[in-house]
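Novice: Same order as they appear, the protein sequences are chains A and B.
For the first sequence, my numbering assigns the number 23 to the initial residue and increments by one for each residue that follows.
For the second sequence, my numbering assigns the number 23 to the initial residue and increments by one for each residue that follows.
Any given hint could turn out to be false.
Pairs involving identical chains hold if they fit within one copy or between any two copies, as the list cannot separate such chains.
Straight-line alpha carbon distances no greater than 16 Å define the calculated EDC-like cross-link-like pairs of lysine to aspartate or glutamate that follow [said to hold, decoys possible]:
#	residue 1	residue 2
1	Lys83	Asp68
2	Lys444	Asp186
3	Lys325	Glu219
4	Lys83	Asp65
5	Lys229	Asp188
6	Lys410	Glu262
7	Lys49	Asp162
8	Lys366	Asp376
Keep in mind that the hints were calculated from the coordinates and are not lab data.
Below, each chain spelled out in residue letters.
There are 2 protein chains.
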Amino acid sequence: MKKYSEMSTEELLALKSELDRKYEEVKAQGLSLDMSRGKPAADQLDLSMGMMKVLADADLKCETGVDCRNYGVMDGIPEAKRLLGAMSEVEPENIIIYGNSSLNVMFDTVARSMTHGVMGNTPWCKLDKVKFLCPVPGYDRHFRITEYFGIEMINVPMLPTGPDMDMVEKLVSEDASIKGIWCVPKYSNPQGITYSEETVKRFARLKPAAPDFRIYWDNAYSIHHLYDDNQDFLIEILGECEAAGNPDMVYKFTSTSKVSFPGSGIAAVAASKANLDDFRRYMQVQTIGHDKLNQLRHVRFFKDLDGLHEHMRKHADLLRPKFEMVVDTLERELGGLGIGEWTKPHGGYFISFDSMEGCAKAIVKKAKEAGVVMTGAGATFPYGKDPKDSNIRIAPSFPTVEELEKAAEIFVLCVKLASVEKLLEA
Amino acid sequence: MKKYSEMSTEELLALKSELDRKYEEVKAQGLSLDMSRGKPAADQLDLSMGMMKVLADADLKCETGVDCRNYGVMDGIPEAKRLLGAMSEVEPENIIIYGNSSLNVMFDTVARSMTHGVMGNTPWCKLDKVKFLCPVPGYDRHFRITEYFGIEMINVPMLPTGPDMDMVEKLVSEDASIKGIWCVPKYSNPQGITYSEETVKRFARLKPAAPDFRIYWDNAYSIHHLYDDNQDFLIEILGECEAAGNPDMVYKFTSTSKVSFPGSGIAAVAASKANLDDFRRYMQVQTIGHDKLNQLRHVRFFKDLDGLHEHMRKHADLLRPKFEMVVDTLERELGGLGIGEWTKPHGGYFISFDSMEGCAKAIVKKAKEAGVVMTGAGATFPYGKDPKDSNIRIAPSFPTVEELEKAAEIFVLCVKLASVEKLLEA
Numbered sequence: 023m024k025k026y027s028e029m030s031t032e033e034l035l036a037l038k039s040e041l042d043r044k045y046e047e048v049k050a051q052g053l054s055l056d057m058s059r060g061k062p063a064a065d066q067l068d069l070s071m072g073m074m075k076v077l078a079d080a081d082l083k084c085e086t087g088v089d090c091r092n093y094g095v096m097d098g099i100p101e102a103k104r105l106l107g108a109m110s111e112v113e114p115e116n117i118i119i120y121g122n123s124s125l126n127v128m129f130d131t132v133a134r135s136m137t138h139g140v141m142g143n144t145p146w147c148k149l150d151k152v153k154f155l156c157p158v159p160g161y162d163r164h165f166r167i168t169e170y171f172g173i174e175m176i177n178v179p180m181l182p183t184g185p186d187m188d189m190v191e192k193l194v195s196e197d198a199s200i201k202g203i204w205c206v207p208k209y210s211n212p213q214g215i216t217y218s219e220e221t222v223k224r225f226a227r228l229k230p231a232a233p234d235f236r237i238y239w240d241n242a243y244s245i246h247h248l249y250d251d252n253q254d255f256l257i258e259i260l261g262e263c264e265a266a267g268n269p270d271m272v273y274k275f276t277s278t279s280k281v282s283f284p285g286s287g288i289a290a291v292a293a294s295k296a297n298l299d300d301f302r303r304y305m306q307v308q309t310i311g312h313d314k315l316n317q318l319r320h321v322r323f324f325k326d327l328d329g330l331h332e333h334m335r336k337h338a339d340l341l342r343p344k345f346e347m348v349v350d351t352l353e354r355e356l357g358g359l360g361i362g363e364w365t366k367p368h369g370g371y372f373i374s375f376d377s378m379e380g381c382a383k384a385i386v387k388k389a390k391e392a393g394v395v396m397t398g399a400g401a402t403f404p405y406g407k408d409p410k411d412s413n414i415r416i417a418p419s420f421p422t423v424e425e426l427e428k429a430a431e432i433f434v435l436c437v438k439l440a441s442v443e444k445l446l447e448a
Numbered sequence: 023m024k025k026y027s028e029m030s031t032e033e034l035l036a037l038k039s040e041l042d043r044k045y046e047e048v049k050a051q052g053l054s055l056d057m058s059r060g061k062p063a064a065d066q067l068d069l070s071m072g073m074m075k076v077l078a079d080a081d082l083k084c085e086t087g088v089d090c091r092n093y094g095v096m097d098g099i100p101e102a103k104r105l106l107g108a109m110s111e112v113e114p115e116n117i118i119i120y121g122n123s124s125l126n127v128m129f130d131t132v133a134r135s136m137t138h139g140v141m142g143n144t145p146w147c148k149l150d151k152v153k154f155l156c157p158v159p160g161y162d163r164h165f166r167i168t169e170y171f172g173i174e175m176i177n178v179p180m181l182p183t184g185p186d187m188d189m190v191e192k193l194v195s196e197d198a199s200i201k202g203i204w205c206v207p208k209y210s211n212p213q214g215i216t217y218s219e220e221t222v223k224r225f226a227r228l229k230p231a232a233p234d235f236r237i238y239w240d241n242a243y244s245i246h247h248l249y250d251d252n253q254d255f256l257i258e259i260l261g262e263c264e265a266a267g268n269p270d271m272v273y274k275f276t277s278t279s280k281v282s283f284p285g286s287g288i289a290a291v292a293a294s295k296a297n298l299d300d301f302r303r304y305m306q307v308q309t310i311g312h313d314k315l316n317q318l319r320h321v322r323f324f325k326d327l328d329g330l331h332e333h334m335r336k337h338a339d340l341l342r343p344k345f346e347m348v349v350d351t352l353e354r355e356l357g358g359l360g361i362g363e364w365t366k367p368h369g370g371y372f373i374s375f376d377s378m379e380g381c382a383k384a385i386v387k388k389a390k391e392a393g394v395v396m397t398g399a400g401a402t403f404p405y406g407k408d409p410k411d412s413n414i415r416i417a418p419s420f421p422t423v424e425e426l427e428k429a430a431e432i433f434v435l436c437v438k439l440a441s442v443e444k445l446l447e448a
């Protein structure tokens with residue numbers, strides 16, 4: 023296999039003509055495929071259908087005797103705290119259970135920090151400048167929250183071990199206007215990277231200039247493995263922070279969105295008592311309580327951590343062929359061509375693809391014209407600006423294997439075509 | 023029946039001695055009764071148990087074909103907009119469906135106004151002073167939201183027709199720092215008053231000095247009648263505002279909290295398209311969407327407005343005897359004594375009691391010591407401060423009729439005792 027960069031202009035032109043022909047053929051098929059969002063497929067959702075009747079004709083009191091059909095219990099029923107505590111690897115007393123979306127909790131946490139400050143510190147809206155560190159590529163919806171509140175975002179490169187901790191340590195210790203960092207520490211969005219033990223320990227030992235600096239630890243894929251035998255392991259940060267004398271430095275977010283039903287799951291925050299008390303102070307004004315019946319529904323259906331793991335193995339059985347098919351296609355079609363690199367995650371919902379510099383937008387545009395919707399190029403960076411225009415997030419979960427096969431073929435075709443065009447421009 | 027105020031000191035002392043004796047007897051019984059919060063009783067919640075299986079083995083797509091088990095549909099499925107639109111007497115396109123709590127939506131609306139302003143106006147956090155009008159007595163949780171955000175609250179007296187509109191009109195037109203007013207326009211909390219047609223029309227025709235003034239119209243009890251034949255009627259304000267050239271002046275909030283399950287219902291906002299677009303701008307950052315399965319669950323169970331009304335009649339059958347028993351007890355025991363006045367609502371969840379000035383705290387304290395928990399005296403006023411110390415909110419829904427009978431007897435005893443003591447002080 024000859025690298026594209028080593029081809030002569032003639033070779034590139036011949037290749038382009040062949041690729042153009044194939045591309046026109048594909049376009050003519052009028053396909054409509056979607057690899058844009060990390061949505062579970064219908065067969066994954068079928069796995070949780072038992073939840074829809076688990077509360078029928080049942081006693082709907084939680085274990086403390088509270089009727090879950092009525093008002094009360096602001097921060098979660100005990101059995102839900104235990105279940106999501108186990109999932110988050112913390113004690114139930116370090117858990118608050120929220121509504122249907124951890125993203126909403128993160129939004130509210132930033133909103134509250136703006137208007138009321140963090141644990142008695144100055145509200146961010148009274149400060150001239152507030153900044154967040156953003157490991158890149160990362161999750162677009164994190165970046166949108168900080169952008170919405172006018173928080174300046176600073177890119178931090180992702181390494182195979184997690185964010186560049188030399189840079190994180192330096193910035194956080196020098197600049198008191200840096201109030202947070204967005205992290206997806208396990209099977210990261212979009213690369214599927216799990217932070218190394220050293221990275222987590224360095225996070226826990228940060229010496230931030232700002233007393234109200236918090237790590238936004240969005241552990242969205244904690245139990246979302248693709249393999250039984252080949253799993254990543256992430257060490258637990260709340261305990262590490264406590265051991266390092268920084269007990270209040272981290273908020274851990276989780277949810278069952280990709281365990282049960284996206285949009286109809288339950289979310290949780292794990293943090294120190296002092297942080298959770300800070301959360302509870304606004305919660306008692308904001309709400310009388312979240313949906314306890316849905317908490318009970320989850321507990322009755324999953325029962326415990328073993329039940330969750332067993333359930334996630336069923337998800338894995340459905341997701342694994344899709345991930346492998348995309349990775350196999352990338353390797354078969356693009357291996358050795360020098361026009362792209364990609365990750366091979368052991369879990370999570372995404373594969374990250376890096377094209378040659380300056381090609382990502384063109385690839386996504388071509389794919390769209392051929393009927394394959396990808397996440398917008400740039401979406402994995404703050405402000406939607408990928409400085410190298412090279413990162414593309416691939417979400418293989420939602421299409422069927424057959425659709426995905428077609429979509430992956432079209433994607434690699436678009437990568438080849440955009441790369442040839444780029445090289446011919448030069 | 024002799025008025026207490028016309029009794030001689032000797033008569034009062036004799037009465038006090040008899041009441042003291044009865045009070046000690048009651049205390050000795052060690053009762054534990056609760057008339058404090060507007061919670062439905064267990065038999066009311068039983069009415070909605072069919073909801074717990076309505077989604078079992080069913081097709082969970084909404085009418086546009088979207089799988090409600092997955093991400094998407096930020097502002098509500100069409101059939102839920104239609105159902106809560108009918109309940110709110112507006113078109114479905116004037117509805118956004120939210121999560122489990124309209125209180126949470128109100129909180130978020132104030133929070134957003136603080137950080138981002140209302141429809142392009144200056145964010146309230148950048149203003150020196152922001153004020154809200156608070157009809158009193160009113161709902162404690164409304165007042166807590168505005169207090170939490172440091173918004174100055176101005177008391178406006180409630181009249182039998184609703185808030186004192188002379189005062190509202192004057193203040194709103196003169197003071198641009200007044201940005202809102204809290205209203206429970208139907209079967210108001212705690213008085214059970216329904217705003218008159220003239221009041222609603224005067225609201226719609228307000229000429230606020232502030233372009234971002236909004237009426238927070240919390241129509242929490244819109245279909246919560248106690249009687250089939252003796253119902254209050256509230257005219258629809260969104261249409262009135264539009265007709266008066268003030269289409270954007272009102273946010274209408276509603277929820278099914280006291281229709282289906284408190285904490286597990288669905289909430290909605292009805293407003294103009296411009297307002298809803300303003301809401302949607304932050305929603306698309308805050309959430310991927312609310313719980314669509316719960317929306318579907320409500321629609322499949324209630325079907326339509328007729329279904330809602332039929333269901334509410336069952337609630338009424340359970341609530342009516344409780345309201346009537348409390349009112350009967352008040353009339354029988356306190357009628358003609360000149361030591362208290364109370365409302366006789368046709369719907370909602372509360373009866374409002376006004377004691378002689380300076381007696382409310384003492385009554386609530388005595389009731390508590392005798393085993394009857396009432397809403398804290400003062401709670402119905404901003405900052406918890408009732409200037410006359412006379413208003414007490416009675417919530418008859420949660421106890422059984424038998425418990426309520428006992429609780430009402432103890433309450434009137436405490437009213438008598440505190441009144442005698444007050445008169446003897448003078």
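Novice: As a check of your reading, is Lys366 near Asp376 (CA-CA no more than 16 Å) within one copy, between copies, both or neither?
Specialist: Intra 13 Å, inter 70 Å, cutoff 16 Å: intra-copy only.
Novice: Since the copies are identical, ignore which copy is meant and state whether Lys444 and Asp186 lie within 16 Å (CA to CA) inside a copy, between copies, both or neither.
Specialist: neither (30 Å within a copy, 72 Å between copies)
Novice: Could you place Lys325 and Glu219 in one of the four classes (within, between, both, neither) given a Cα distance threshold of 16 Å?
Specialist: The answer is neither: 30 Å in one copy and 54 Å across copies each exceed 16 Å.
Novice: Is it within a copy, between copies, both, or neither that the alpha carbon of Lys83 lies no farther than 16 Å from that of Asp68?
Specialist: between (27 Å within a copy, 13 Å between copies)
Novice: When Cα atoms must be at most 16 Å apart, do Lys229 and Asp188 count as within-copy, between-copy, both, or neither?
Specialist: Classified as within: same-chain Cα gap 13 Å, cross-chain 59 Å, threshold 16 Å.
Novice: With identical chains, the pair Lys49 and Asp162 could be close in the same copy or across copies; at 16 Å between alpha carbons, which is it: within, between, both, or neither?
Specialist: Neither: 29 Å inside a chain and 61 Å across chains, both beyond 16 Å.
Novice: What label fits Lys83 with Asp65 when the C-alpha limit is 16 Å: within, between, both, or neither?
Specialist: The answer is between: 14 Å across copies meets 16 Å, while 31 Å in one copy does not.
Novice: Indicate which option fits the pair Lys410, Glu262 if close means a Cα-Cα distance not exceeding 16 Å: within, between, both or neither.
Specialist: Answer is neither; intra-copy 35 Å and inter-copy 55 Å both fail.
Of the hints listed earlier, those the structure fails to meet are numbers 2, 3, 6 and 7, in rising order.
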